[in-house]
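Participant: Sequences are here, hints too, so could you generate the full structure?
Mapping of the sequence shown onto my numbering: position 77 corresponds to residue 81, and the numbering continues sequentially without gaps.
Where hints are given, some of them may not hold.
[Stated by the list, open to error] Simulated DEER-style distance windows between Cβ atoms:
(1) E37 to Q61: 13 to 23 Å
(2) R113 to L88: 26 to 36 Å
(3) R116 to G33: 17 to 27 Å
(4) Q61 to K108: 16 to 26 Å
(5) A105 to T67: 13 to 23 Å
(6) A31 to R117: 11 to 21 Å
(7) G33 to V84: 17 to 27 Å
(8) R113 to R57: 24 to 34 Å
Worth flagging that the hints you see were computed from the coordinates, not collected in a lab. Keep in mind that this is a model prediction, so the values were computed, not measured. All residues carry an ideal CB built from backbone N, CA and C; glycine is no exception.
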Amino acid sequence: MRLTLSIDERRASARKVLRVPAVVQLAAGDRLEGRALDVSSGGVSIAVSKNPRVSTQCKLFFTLPLEGSLHAINCQAVVVHAILSNELGFKVGLKINEITAESKAKLERYLRR
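Facilitator: Encoded structure:
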């Protein structure tokens with residue numbers, strides 16, 4: 005018997021909508037500018053114009069709206085999936101590997117709102 009999981013069932017934590025600019029700096033040096041779609045404590049979904057390879061290590065930069073201002077979040081991530089989306093270009097799932105304690109605290113505050 006084979007089981008298949010939906011995208012929601014694969015997620016380890018709940019996601020919250022986030023519509024802010026995002027930048028992905030790939031390990032090879034390419035820079036992808038796009039837009040965040042949603043965020044969780046373990047990852048971010050973004051829309052970009054180019055298709056990054058799955059398993060590519062990267063740096064991720066975005067902001068979180070908290071308490072009336074924007075707070076910069078920088079973290080290390082890995083591309084876990086990328087799919088073509090007619091409206092968005094490529095929808096890319098990034099798993100956060102490393103994040104500072106300060107950024108993690110800000111992310112958790114955003115998710116609790």
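Participant: Are the hints correct? Go through all of them and say.
Facilitator: Against the structure, the hints:
Checked against the hint of 13 to 23 Å, the pair E37 and Q61 passes, with Cβ atoms roughly 18 Å apart. A C-beta distance of roughly 34 Å is found between R113 and L88, which places it inside the suggested range of 26 to 36 Å. Against the hinted window of 17 to 27 Å, the Cβ-Cβ separation of R116 and G33 comes to about 36 Å, which falls outside the hint. Checked against the hint of 16 to 26 Å, the pair Q61 and K108 passes, with Cβ atoms roughly 19 Å apart.
The beta-carbon spacing between A105 and T67, approximately 18 Å, falls within the hinted interval of 13 to 23 Å. Here the CB-CB span from A31 to R117 is close to 33 Å, at odds with the stated 11 to 21 Å. For G33 and V84, the hinted distance range of 17 to 27 Å is satisfied, since their beta carbons lie about 21 Å from each other. For R113 and R57, the Cβ-Cβ distance of about 33 Å falls inside the hinted range of 24 to 34 Å, so the restraint holds.
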